[in-house]
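Sequences listed follow chains A and B, in order. In terms of my numbering, the first sequence opens at residue 1 and continues consecutively. In terms of my numbering, the second sequence opens at residue 1 and continues consecutively.
Quick caveat, the hints were computed from the structure, so don't treat them as lab data. Beta carbons are placed, not taken as given, at the ideal position from N, Cα and C, and that holds for glycine. Hints are supplied without guarantee of correctness; some may be wrong.
[Stated by the list, open to error] Covered stretches of chain B, going by a simulated chain A footprint (3 or more residues, C-beta under 8 Å): (1) 15-28; (2) 53-61; (3) 64-76; (4) 153-161.
2 protein chains.
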Amino acid sequence: MDFSSKLLEQAVDEMSQLPGIGKRTALRLVLHLLKQPEEQTTQLSKALLELRQNIKLCNNCYNISDTELCEICANPSRVSEIVCVVEDIRDVMAIENTGQYRGHYHVLGGKISPMDGIGPSQLTIKPLIEKVQAGKIDEIIFALSSTLEGDTTNFYIFKQLEGTAIKTSTIARGISVGDELEYADEVTLGRSITNRIPFENSMKS
Amino acid sequence: MDFSSKLLEQAVDEMSQLPGIGKRTALRLVLHLLKQPEEQTTQLSKALLELRQNIKLCNNCYNISDTELCEICANPSRVSEIVCVVEDIRDVMAIENTGQYRGHYHVLGGKISPMDGIGPSQLTIKPLIEKVQAGKIDEIIFALSSTLEGDTTNFYIFKQLEGTAIKTSTIARGISVGDELEYADEVTLGRSITNRIPFENSMKS
Chain A
1 MDFSSKLLEQ AVDEMSQLPG IGKRTALRLV LHLLKQPEEQ TTQLSKALLE LRQNIKLCNN
61 CYNISDTELC EICANPSRVS EIVCVVEDIR DVMAIENTGQ YRGHYHVLGG KISPMDGIGP
121 SQLTIKPLIE KVQAGKIDEI IFALSSTLEG DTTNFYIFKQ LEGTAIKTST IARGISVGDE
181 LEYADEVTLG RSITNRIPFE NSMKS
Chain B
1 MDFSSKLLEQ AVDEMSQLPG IGKRTALRLV LHLLKQPEEQ TTQLSKALLE LRQNIKLCNN
61 CYNISDTELC EICANPSRVS EIVCVVEDIR DVMAIENTGQ YRGHYHVLGG KISPMDGIGP
121 SQLTIKPLIE KVQAGKIDEI IFALSSTLEG DTTNFYIFKQ LEGTAIKTST IARGISVGDE
181 LEYADEVTLG RSITNRIPFE NSMKS
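Using the sequences and the hints, build the whole thing.
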């Protein structure tokens, strides 16, 4: 694309580096900002800069937080002995929205993925193992997405925990509530039969 | 959505005010920025701010420009007596990409649209009429998109020009090059028959 303005070109170039945003979309977004009051652009720039410069990770669970210890870890009514291992803050938000979990989290910050150059040392696996070795945790719940990378990460952590007396579990895989069996994929349906639960348990909440 | 961080919430709120970007996409973009080097966020913020604060409109054609007179208007090899009326810079870029047009442009900055509260006074119609009255222009080419708003705007300008000796034209509507007649809509096909051109003209470039 040939731009009549260097300023416009720079803004579009920077914008189009965001994932899923091409040059055309970037141009549309930037032209939208030009039509809005200058304040909107100022606030957007300020919010992004402040976030990037001042954001902290919770000292205990490595979730994104404004304080040294995040709200969840600082809440005394939550069970600190149960820890749910997740990939990032989006998973924490999804589980929190269910209202079904009262334990702590441990945010890995990604999954082991040699293809993307992400090894165990780039993730917060070491602090998790240390917490376990310090005897602070009774149970670890693996809640990573069930992809090749997710399974690899689960297995790596599981291996690291060998020799400790900790209880490990993983979230149940099965047919979604409200789904038709007919349209479910074989792997999920197969797992939901193998891991069937006593009927009386399914009537709780 | 409940965020564990006010900074994150603010950034997502500002980001999701852009058109076509919802809360979830905004969160994905913001988390992406957090994973990239701090420099990327700094440059994005800077580029957006500089654009918004320093951008100029060309004194002659009202296109976005870094200088008082844009490159096209300042180019002496272009024909200043023919003016193509377009909606915004994207249309200028599209026509420039064809390499078929050597005249000037006049960027309206929008279309007359009472539904969105945009009247003739918010557009650069007055300066266009003044240029015509000053006798600087021989021909005006209307190149707005053929929607209700585009047609209204064309007609409004056409009416304003009544009494002047200026030649007006509009870009040809018809079947796209390479398209099958079978799948063309009736209005376009009808227009392309009514406005048929001598066959020998169609063989030029």
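Taking the hints in turn, this is what the structure says about them:
no.: 1; hint: 15-28; in the structure: holds (count 9)
no.: 2; hint: 53-61; in the structure: holds (count 3)
no.: 3; hint: 64-76; in the structure: holds (count 6)
no.: 4; hint: 153-161; in the structure: violated (count 0)
Checked against the numbered hints above, the structure violates only hint 4.
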